[in-house]
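In case you want the letters, here they are:
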Amino acid sequence: MADDVRDNVQKGRDPGGRFVLPEIIKGYGVTLREFFTPPTTMKYPEERWTMPPRFRGYPKLVPNPDGSERCVACGLCAVVCPPIAIQLQADETDRSKERYPIKFEIHMGRCINCGFCEEACPVDAIRMSSKYELTTTQLDSLIYSKSILLKDYEAP
Amino acid sequence: MATVKIKINEQEVEVPASATVLEAALKAGIDVPYMCYHPGMKVVAVCRVCQVEVKGMPKLQTACSTPVKDGMEVFTETPAAKKARQGTVEFWLVNHPLDCPICDKGGECPLQDVTYNVRGGGSRLRDPKVNRVKRKPLGEHIVFDAERCILCWRCTRFTQDISGSEQLQLVNRGIRTEIDTPPGVTLTDPFSGNLADVCPVGSLTTREFRFKSRPWEMTAVESTCTACPVGCSNTLWSKVGVVQRMTARENLHVNDYWLCDRGRLDLGFVNDPSRLVRPKVAGSEESDGSTSWEDAARAFAATIQAGGKTGTWAVLASPHATNEEYFALQRFARGVLGSSDLVLDTGPGGPELSPARAALIRSGRTLPAVTDIDGADVIFQFGGDLEATHPVYSLRVRKAVRNHGARLHLATATSGGLDRDAASVRRLDLAKAADTLSKVASGAAPGEPVRDALVSARRGVVIVNAGSENDRLLGAIGDILKLNPALKVFLLDDGSNLTGAWDSGFAAAFLPGYTPVDGSAASRRADWGERVPASAGRSRADVVAALKNGTIQNVLLFNSGRPWVWTPELLDAALVAEARVSFDLFPGRGHDGATVAFPSPSMAEVDGTVTAPDHRVLLLRRSVPGPERLWHPAMVLARVENIVTGRARPGAPVDVFRDLARSGAGYEGMNYGLIRPEGRPWSPAWTRAAAPAGGS
Chain B
0 MADDVRDNVQ KGRDPGGRFV LPEIIKGYGV TLREFFTPPT TMKYPEERWT
50 MPPRFRGYPK LVPNPDGSER CVACGLCAVV CPPIAIQLQA DETDRSKERY
100 PIKFEIHMGR CINCGFCEEA CPVDAIRMSS KYELTTTQLD SLIYSKSILL
150 KDYEAP
Chain W
0 MATVKIKINE QEVEVPASAT VLEAALKAGI DVPYMCYHPG MKVVAVCRVC
50 QVEVKGMPKL QTACSTPVKD GMEVFTETPA AKKARQGTVE FWLVNHPLDC
100 PICDKGGECP LQDVTYNVRG GGSRLRDPKV NRVKRKPLGE HIVFDAERCI
150 LCWRCTRFTQ DISGSEQLQL VNRGIRTEID TPPGVTLTDP FSGNLADVCP
200 VGSLTTREFR FKSRPWEMTA VESTCTACPV GCSNTLWSKV GVVQRMTARE
250 NLHVNDYWLC DRGRLDLGFV NDPSRLVRPK VAGSEESDGS TSWEDAARAF
300 AATIQAGGKT GTWAVLASPH ATNEEYFALQ RFARGVLGSS DLVLDTGPGG
350 PELSPARAAL IRSGRTLPAV TDIDGADVIF QFGGDLEATH PVYSLRVRKA
400 VRNHGARLHL ATATSGGLDR DAASVRRLDL AKAADTLSKV ASGAAPGEPV
450 RDALVSARRG VVIVNAGSEN DRLLGAIGDI LKLNPALKVF LLDDGSNLTG
500 AWDSGFAAAF LPGYTPVDGS AASRRADWGE RVPASAGRSR ADVVAALKNG
550 TIQNVLLFNS GRPWVWTPEL LDAALVAEAR VSFDLFPGRG HDGATVAFPS
600 PSMAEVDGTV TAPDHRVLLL RRSVPGPERL WHPAMVLARV ENIVTGRARP
650 GAPVDVFRDL ARSGAGYEGM NYGLIRPEGR PWSPAWTRAA APAGGS
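Line order of the protein sequences matches chains B and W.
First residue of the first sequence? That's 0 in numbering that gives the first Met the number 0, and the numbers climb one at a time after it.
First residue of the second sequence? That's 0 in numbering that gives the first Met the number 0, and the numbers climb one at a time after it.
One thing to keep in mind: the hints can contain errors.
Claimed, not checked - Here are the simulated SDA-like pairs of lysine to any residue, each with C-alpha atoms no more than 25 Å apart in a straight line:
{"#": "1", "chain 1": "W", "residue 1": "K135", "chain 2": "W", "residue 2": "N116"}
{"#": "2", "chain 1": "W", "residue 1": "K128", "chain 2": "B", "residue 2": "T92"}
{"#": "3", "chain 1": "W", "residue 1": "K133", "chain 2": "B", "residue 2": "S67"}
{"#": "4", "chain 1": "W", "residue 1": "K54", "chain 2": "W", "residue 2": "P15"}
{"#": "5", "chain 1": "W", "residue 1": "K135", "chain 2": "B", "residue 2": "R94"}
{"#": "6", "chain 1": "W", "residue 1": "K133", "chain 2": "B", "residue 2": "L87"}
{"#": "7", "chain 1": "W", "residue 1": "K133", "chain 2": "B", "residue 2": "N63"}
{"#": "8", "chain 1": "B", "residue 1": "K96", "chain 2": "W", "residue 2": "P15"}
{"#": "9", "chain 1": "W", "residue 1": "K211", "chain 2": "B", "residue 2": "P38"}
{"#": "10", "chain 1": "B", "residue 1": "K96", "chain 2": "W", "residue 2": "R125"}
{"#": "11", "chain 1": "B", "residue 1": "K102", "chain 2": "W", "residue 2": "K238"}
Unchecked claim - Cβ-Cβ distance ranges computed for the label pairs, FRET-style:
{"#": "12", "chain 1": "W", "residue 1": "D160", "chain 2": "B", "residue 2": "C113", "range": "21 to 29 Å"}
{"#": "13", "chain 1": "B", "residue 1": "C113", "chain 2": "W", "residue 2": "E76", "range": "35 to 43 Å"}
{"#": "14", "chain 1": "W", "residue 1": "Y115", "chain 2": "B", "residue 2": "P52", "range": "30 to 38 Å"}
{"#": "15", "chain 1": "B", "residue 1": "G114", "chain 2": "W", "residue 2": "P649", "range": "47 to 55 Å"}
{"#": "16", "chain 1": "W", "residue 1": "D271", "chain 2": "B", "residue 2": "Q86", "range": "45 to 53 Å"}
{"#": "17", "chain 1": "W", "residue 1": "R401", "chain 2": "B", "residue 2": "R94", "range": "42 to 50 Å"}
No lab work stands behind these hints: they were computed from the structure.
The beta-carbon is built from N, C-alpha and C at its ideal position, and this holds for glycine as well.
Please work from the sequences and hints to get the whole structure.
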């Protein structure tokens, strides 16, 4: 841009920069005005949005008060999951619910946050959380195990 | 068979006169729900859900217990019938926990299906449901959930009528009615796995499969059990390459609807981590000696070429491989190794295919089909206890006794489940089996009711489950058969695919179809290879001796399908051999340190056929892929043959079976498509020659 201006001035097409200078001043004016208006963006890593209540972040497992999972490993979430992101293996437990997932994994790289799992769950053991940050440099770390999915559950 | 015509919902159905309305409706494809009805069991009509309206009858009738009558008119969708069904379902669900997400039956549950189809108006119950015991081990394999039970009595009827153990019964009354074992009894029924099959809710589950997988996650493949010679039709259920369970598959020609626990629950070896995966060659550069399949095949070929002369190999095989493997193995042994020394390891003193036995098989006096037991009026079971060696056949014998009025005479070594159904029982010393049988035939034994029964039998079946004492036993069987031309003999042995091995020509003195080697082997040279020996091979004892004294230097140990423990006598002799090539599933004495060692597939990983003792050919289907890039043994043999002789031979099981079908084994005209799903009886040349023209 600056080169263009210099070109034009030197070649006599715009002697004295008649058309350029006012535009520059106008531009600085906008900058000056924005300087005093409050920002519409957010300082992302330091500040975060509070998501609306119906927002679908990634799914979390709902824990019982004692920290164990509510899930009975019926497999309905896995069968309804459109991108086949959920893998689980049931096993027997001594607790009264008899059946629990010995393994419960969601591949967050595949999850499309559709919420079908939440809808299918007969025991309300999986819910879409408000969390959405998944960034990683390692693909494998996107496979969330049962312990990760149970951690930091926030009741809506 | 006389048939009658009835109308169900204005639709005309023609059924046998002995059928019930429910069977007629099922035949016509009309949906009448049922829970307590099971085609293999007697009718009790306790579940009450199959109620239908019959014209001329004042009240609703249970379809399962109403016999058909010519001109009968049945209506299944009238308001009264619908209301009765809805009421029945509502009563079931009063105390049913509806814990379908937890229940193993969820997804394949008749109660779920019926409830959805009947569409009742939900529960009107205001009180809490009755809580009952949720997991009560009834026996080693079966766990009982009392809450889910709807009291259809299928399980109690199974133990009472089918397996005969009477280890389940109804206890208490009214709302407290439960099923339980009698006091002090645990469920040791050798058929207890069937209870999980017949239970129409998730009340009875096997400990082995509990919570392993949901039905929809699994792939079901129709296959055949190879745990014993019976060859029960089964369904193998696998999930991501792991076999999860085996369930019975209806096959009225073999196992009806049942499996024994031995076959059903012995699946762990398929996915055992200690399974062999890669071939090994002694002296290979890699530390553990493992190598590629191609290199191992080349090493095998080099061993053969180094051996030079014919007759320096012996082939030892376990008795539970597929027919394809046996056929390929005997063709390879004869044509490439130039050896007829084929030994089937049937245990110490186990049966060998002798000329007398082959003659008996060719005589037409053997039982043509196991279903003929149903129609027999006299059954004489001789030898080992059927329930221990051929479990599902004992169910058929019991059925013949209880449902068809056969008289059962037992002469068995040990007491067994059939004792209670027998008209006469005597204990037998297996070592003297042949003598005892001779005495029965001659009437020399004191107080002998069996001989008279056999002489007067209209359709008698002699089940000989002795195995050992070969020719003398066969002589005694011959004497028995002379008593009465209406007698048929059913020869049973241990060793699950013994019949298939012999049919396929895996015998020292016989080619496929029980053709003697002498005189006819040379004609196979064009097909099988130049080195086919013209004379019969050695007997088992002679092979052992020849291995020990060095007449036979090389040995091929072949096991496939299931784990196998070689008879020590045979294995010791094989270990003496200079070169030893081994096929096996697991490491072991015979496999470790072999010159060339190949992993072999389990029965869940091969396509193939096995042959039941009545010469019915049954199909095995591959249900899991198995270890990565596993070669089928027939493929290995074909490759080795290609290296040694240059002959290109397809090694896929389907091609080997085509060759087997053309080899005169009595499997002419068969292919895998024709065999499934119920199997197909053999039709050897000699029976076809005897049958009238046009007979199939």
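Hint by hint, which ones does this structure get wrong, listed from lowest number up?
-> 1, 8, 9, 12, 16
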